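Colleague: Take a look at the letters that make up each chain.
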Amino acid sequence: MNATSLRAARTALRDTAPLVHCLTNTVVQTITANALLAVGAAPAMVDEPKEAAEFAAIASAVLVNVGTVHERTAEAMLLAARSAGTAGTPWVLDPVAVGGLGFRTGVAAELADIGPTVVRGNASEVMALAGAGAGGRGVDSTAAADDALEAAAVLARRTGGVVAVSGAVDLITDGVRTVRVGGGDQLLTRTTGAGCALGALVAAYLAVTDDPLTGAVAAHAHVALAASAAARRAPGPGSFAIAWIDALDALTADDLAEADVRTVA
Amino acid sequence: MNATSLRAARTALRDTAPLVHCLTNTVVQTITANALLAVGAAPAMVDEPKEAAEFAAIASAVLVNVGTVHERTAEAMLLAARSAGTAGTPWVLDPVAVGGLGFRTGVAAELADIGPTVVRGNASEVMALAGAGAGGRGVDSTAAADDALEAAAVLARRTGGVVAVSGAVDLITDGVRTVRVGGGDQLLTRTTGAGCALGALVAAYLAVTDDPLTGAVAAHAHVALAASAAARRAPGPGSFAIAWIDALDALTADDLAEADVRTVA
Amino acid sequence: MNATSLRAARTALRDTAPLVHCLTNTVVQTITANALLAVGAAPAMVDEPKEAAEFAAIASAVLVNVGTVHERTAEAMLLAARSAGTAGTPWVLDPVAVGGLGFRTGVAAELADIGPTVVRGNASEVMALAGAGAGGRGVDSTAAADDALEAAAVLARRTGGVVAVSGAVDLITDGVRTVRVGGGDQLLTRTTGAGCALGALVAAYLAVTDDPLTGAVAAHAHVALAASAAARRAPGPGSFAIAWIDALDALTADDLAEADVRTVA
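Residue numbers (numbering that gives the first Met the number 0), protein chains in the order written: chain Y, 0 to 264; chain W, 0 to 264; chain V, 0 to 264.
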């Protein structure tokens, strides 16, 4: 992971405008779509089972987020994930609040078995999905990112993909290499959907990078840098969310190359 | 209701970050979650029937809002309300547009029979739920809060809880005591979801106060003061909604103690 | 189409606050409701089949947008459209992403057969609905508005209504007369739901004008002028979306009379 690959990823995202198929929760669809548009990607939310497999096959990348999953959308998510797998399309699993609730925990486990290119969650969610913890409190993690390092590595080796753990410092691992991404701002945790939108940006970057670890790191760095910039301008969480979208848009390839990214293993 | 209890409620909300389980309409989920985060609570939207009872039992408070209710979410709402009742968890019923539409009117009546800790609505909705009026025009009230005073008192005695009627001046009653909350701004009525978010803030305050009347008043006062502050800064309804979230966050315990709250009966 | 009729439409919208029944996708419900409130209309989102026909019959206008349509909402949309037709209530069809996906393309064709007062879409969507093209890439058009002129005229004559094609310059036709609306800003395409909200504003204007072509033109001109004003103030797409809502509210009847509207055939 170096400045050159980050710079190239940002440029490729802007140049190719990947189509990101999102099956995500109803709380965060708007900020997710606006974050994708801001970085230069093209969002489309399609979660009807009759359309999900068809659309996943033509998308550049797919996001599956179980935040408000129910019977119909669970079916659409499984169809989309399998279709992405068959088509060789990269896809991201965001196991929101997994661990504490039986239904979504089962759906997420089934999705994880299909082999997501990247799993992105907080420490509690990643530990629960890896079978190493009981889950957090609703959507909040009750553990720090570092607590989930071993579980993340285990999960990455099991899925054959990358696992990203969001926290004050993000941890991203493919089971062998591990990268830390610093920066960001605490206001991200007070903006509903910022973490979910990050999952979508991971999908967007996967579409324009050959190496999933690089794609995941680029997305986390992009979000963190934009958050730092937004926090400098915003007097509170409402204006922060708006300034963050502006900053996602404004961030250049050179900016991304300056991110606080450290390979630690 | 006095300044001391309002100050204590605001402090307790910030200190304990109650987990508010929201089963609410899809139009307002984002602003509801952001308003809860702004005041210091932790939102979680869970409306799948397989998860609703399980989650209501572990939440600090529950909000049930029938704005876009349909078969599946109606089932989840009934399960969550009964689970909250059994667990002794406070819960709020927001009977959006009840009266004019048969399906939701039936669902809301069934929910009211379970005994919500607080019912929060506009005058038309409260009158319709109490059986004293035909409902408003869509989500708008065609009556003033004072018109609903008697209906609110009747409904409060029937449910054994508190009933809050939103208007230019809000009326909040437990069937014996009645409190008026002034302030606020007309721009609240031009921001989609501000009233629905108020229902969620009532739930958050119920989680940190022993007296439901105090909790309901604190939430209404918090929203009104933040609206007044936001209106001074915002040139229009778009920027008002953002400034209101900032103001919900900024409001201190001392600010809340200065609210325009008058016990009238 | 002249300045007088545009001025009258804006005044009537503000004076009568039409109730717009929206059956629209979950990504854009918030911005749609806020845009309607900003221009002076009253939004209500009702998409439960048990309520859709009942509500469409009492609404001033109806919007049907298939962006995230599924089995239940498709049923509600067909019921609402038929109810509006029977009641003589104007209604708008927005065929989001039609052409590329089988299920929604079928639903949209069935809706078009009911005879929408106005169809509003991008060039790819209009061409696909008219049977003259294969659809775009997700929600994005792969064609310019002018490419869809003939398809729009064919579709207008088939439905007996007006067809509006959004683009850098919008084209609006009833199959005989064609009007171009200029202005606007490219940032509209980077704000999720701006096009969908435009569909809702068309519905609002239809409720206050006798001539559907005038209503459709007024809505497009209103959106374009507000976008130009917002773009002058906003540093990025996040702040643009907020400034656009403020500008929708601020736009006067005299402002609308100055719109870049040209009758071309």
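Read the hints as simulated data drawn from the structure, not as lab findings. Errors might be hidden in some of the hints.
All copies of an identical chain are treated as equivalent in the list; a pair is satisfied when it fits inside any one copy or across any two copies.
Said to hold, decoys possible - SDA-like, lysine to any residue: derived pairs with alpha carbons at most 20 Å apart:
1) Lys49 <-> Glu149
2) Lys49 <-> Thr104
3) Lys49 <-> Leu77
4) Lys49 <-> Gly159
5) Lys49 <-> Gly101
Predicted model only: the values in this text are computed from it and were never measured.
Colleague: Hints first: check each against the structure and report whether it holds.
Modeller: Hints, verified against the model:
{"no.": "1", "hint": "Lys49 <-> Glu149", "verdict": "neither (38 Å within a copy, 31 Å between copies)"}
{"no.": "2", "hint": "Lys49 <-> Thr104", "verdict": "between (24 Å within a copy, 12 Å between copies)"}
{"no.": "3", "hint": "Lys49 <-> Leu77", "verdict": "both (12 Å within a copy, 18 Å between copies)"}
{"no.": "4", "hint": "Lys49 <-> Gly159", "verdict": "neither (28 Å within a copy, 31 Å between copies)"}
{"no.": "5", "hint": "Lys49 <-> Gly101", "verdict": "between (26 Å within a copy, 8 Å between copies)"}
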